[in-house]
Structures are given as structure tokens and as C-alpha cells.
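Please build the complete structure, drawing on both the sequences and the hints.
Protein sequence lines, in the order shown, are assigned to chains A and B.
Take 1 as the starting number for the first sequence in this note's numbering and just add one per residue.
Take 1001 as the starting number for the second sequence in this note's numbering and just add one per residue.
There could be a bad hint or two in this list.
Claimed, not checked - What follows is a list of derived Cβ distance ranges for each label pair:
1. B:His1110 with A:Pro113: 17 to 27 Å
2. A:Asn115 with B:Asn1010: 32 to 42 Å
3. B:Glu1052 with A:Arg7: 32 to 42 Å
4. B:Gln1075 with A:Leu40: 13 to 23 Å
Stated by the list, open to error - Calculated from the model, a selection of chain A residues having no Cβ within reach of chain B, i.e. all distances over 12 Å:
5. Lys9
6. Asn10
7. Asn14
8. Leu20
9. Glu39
10. Thr47
11. Lys69
12. Arg133
As the list claims (entries may be wrong) - So, partial list: chain B residues that the calculated Cβ filter (under 10 Å) puts toward chain A:
13. Cys1003
14. Val1079
15. Pro1101
16. Ala1102
17. Pro1118
Don't read these hints as lab results, they were simulated from the structure.
Where a beta carbon is used, it is the ideal one built from N, C-alpha and C, also for glycine.
Number of protein chains: 2
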Amino acid sequence: MFCLDSRLKNDTINIGKLQLSRVLLMNDSRYPWIILVPELDNVYEWTDLYNEQQITLHDESLLIQKVLKDLYGGQSLNVGKLGNIVSQFHLHHIVRFENDPAWPGPVWGHSSPVNYSPQELESRISEIRQAIRI
Amino acid sequence: MFCLDSRLKNDTINIGKLQLSRVLLMNDSRYPWIILVPELDNVYEWTDLYNEQQITLHDESLLIQKVLKDLYGGQSLNVGKLGNIVSQFHLHHIVRFENDPAWPGPVWGHSSPVNYSPQELESRISEIRQAIRI
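This is the structure:
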């Protein structure tokens, strides 16, 4: 049984599942921010995945990148695997804008999240789900 | 003719070429840090690459990740495409240690680099080139 890290669980909303990865929306209304977590135990690095899993994850990441770009535009898309604090493998996808709070620095560790209101959250989840078709 | 962004050029040492990407070593002796830059014009996002180029870049990134992990170990490997400051597509690979200056935060924007000495640089480039076989 796959078990999501408790910090990822606390910081995000589970919005669905792709073939390999759970799709999480970071609960920070300042940035459209999706995290993919392959539902596999004991994976900490890309290199811990089998070749076919790496390809699937790469395809899933590209899908998320395309959807975020199409939906929100933005100045650049930050895609990152860090794992310094939460070691369970997870891949960030964050739309960045020139007027966002952390610009042009990285968002990680910059400032506390601003949670979505229930209405904002419903709307964001709905548009992302529709675009990803999950 | 492909032209490397001047900031990337200033901050790194060119250590070779893979099938698609130029391999750059960040001139910061505090972190083993390799940047891949596909030698293509007008590429800003993964989604700007053609499908086959995406696959090649993904394979080249996995090679770099494996080499860095094998050579330097570390607590985690940070792999990131940001592009907030330098928009030319470039993919970071950074070995992170629990006692490195930025731990557990991201390295980007944390502090000024500490350049390699000529001897350190020669040794690092040599071991990486040998491992990548370029």
C-alpha cells in the first residue's frame, strides 16, 4: 500500500491519478502549482525508477507542463525535483509570473502559502481536472 | 549557429557535448553542479522541444544524474528547470549535502558562488568527463 508523505498530504489537495502518479495541487493560491508523486514505495530519485516508469513519469510531467502553460501562461514554468526536506520522490510544476511574490527567485522556502478559499479551490481543481481529463 | 546565453557562459565551464546538450559545470566548488543546455535556438520550455528531443534530453539528464550520484553520493539530487532569470532553456543537476550552505533550501539565489581553484577545477572536470565519457 502506497503511503503519501504526511507533509505532502498536509500541504496539498489530491486531485486525481494518472497512470503512475498521484496529482496534487499545492494549497497556495499565489502560484498554479502541481506536484506529481509516483505511487511507488522507496523512490527518492529519478534513478530509483525502472526505465519504463521513468518514461511514464516524464510523459506525465510533460502533460502537466502543457496543461499549466495552456491554462495559465506565465513567464516561465519551474519544474523541479528537490527532495531536501521531503525525501519521498515528488516533482514540482509551478507557473511563475513576473509579479509573483518570489520572482525571480525560487518559490521553495520563500514564504508561507496563502491557502485557496473554498470557491477558488473548487474552480481551480475543476479547470485542471478538465484539462488533464482525470 | 547556437549561441549560449552570456550569463550561463560567465558562470560555468564548458566540459563537453552530449548528443543534444552542451554540458556545463557551474563554477561553484560548494556543490557538484552540472547544467545541460540543448544546443537549439528559441527553446524556453520542455514543451518547446520536439518529442524526440524531449526523449534525448531526458536520457541525457538521467545519465548526468547517475554520474553525479555515483561520483558524489549526497543526500539528494536537485534537478530543476527554472528559467526565471536566464530564459534560454537549461536544466540544473545539483548534488546536495546536509552540510552544504543552502541546505535544506534551494541553492538558486542563496549566496554567491565560491569558484574552484585551478587544481580543483582540473580534477573535477577530469572525473566528470571520464564518468560521462565525453
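How the hints compare with the structure:
1. B:His1110 with A:Pro113: 17 to 27 Å: holds, 21 Å
2. A:Asn115 with B:Asn1010: 32 to 42 Å: holds, 40 Å
3. B:Glu1052 with A:Arg7: 32 to 42 Å: The hint (32 to 42 Å, Cβ to Cβ) holds, given that B:Glu1052 and A:Arg7 are roughly 37 Å apart.
4. B:Gln1075 with A:Leu40: 13 to 23 Å: Given range 13 to 23 Å: holds, Cβ gap about 20 Å.
5. Lys9: Non-interface label stands for A:Lys9: nearest chain B Cβ at 19 Å, farther than 12 Å.
6. Asn10: It holds; A:Asn10 is separated from chain B by about 17 Å at its closest Cβ, greater than 12 Å.
7. Asn14: Its Cβ never comes within 12 Å of chain B, the nearest being 24 Å, so this holds.
8. Leu20: For A:Leu20, whose nearest Cβ neighbour in chain B is about 15 Å away, the distance exceeds 12 Å, so it holds.
9. Glu39: A:Glu39 clear of chain B: closest Cβ-Cβ about 20 Å, beyond 12 Å.
10. Thr47: Since the minimum Cβ distance to chain B is about 5 Å, A:Thr47 lies within 12 Å and the statement is violated.
11. Lys69: The assertion about A:Lys69 is violated, with a minimum of 6 Å to chain B.
12. Arg133: holds, 18 Å
13. Cys1003: Status violated, d = 20 Å.
14. Val1079: holds, 5 Å
15. Pro1101: B:Pro1101 check fails; min Cβ-Cβ to chain A is 13 Å, beyond 10 Å.
16. Ala1102: OK, holds: B:Ala1102 within 10 Å of chain A, min 9 Å.
17. Pro1118: violated, 31 Å
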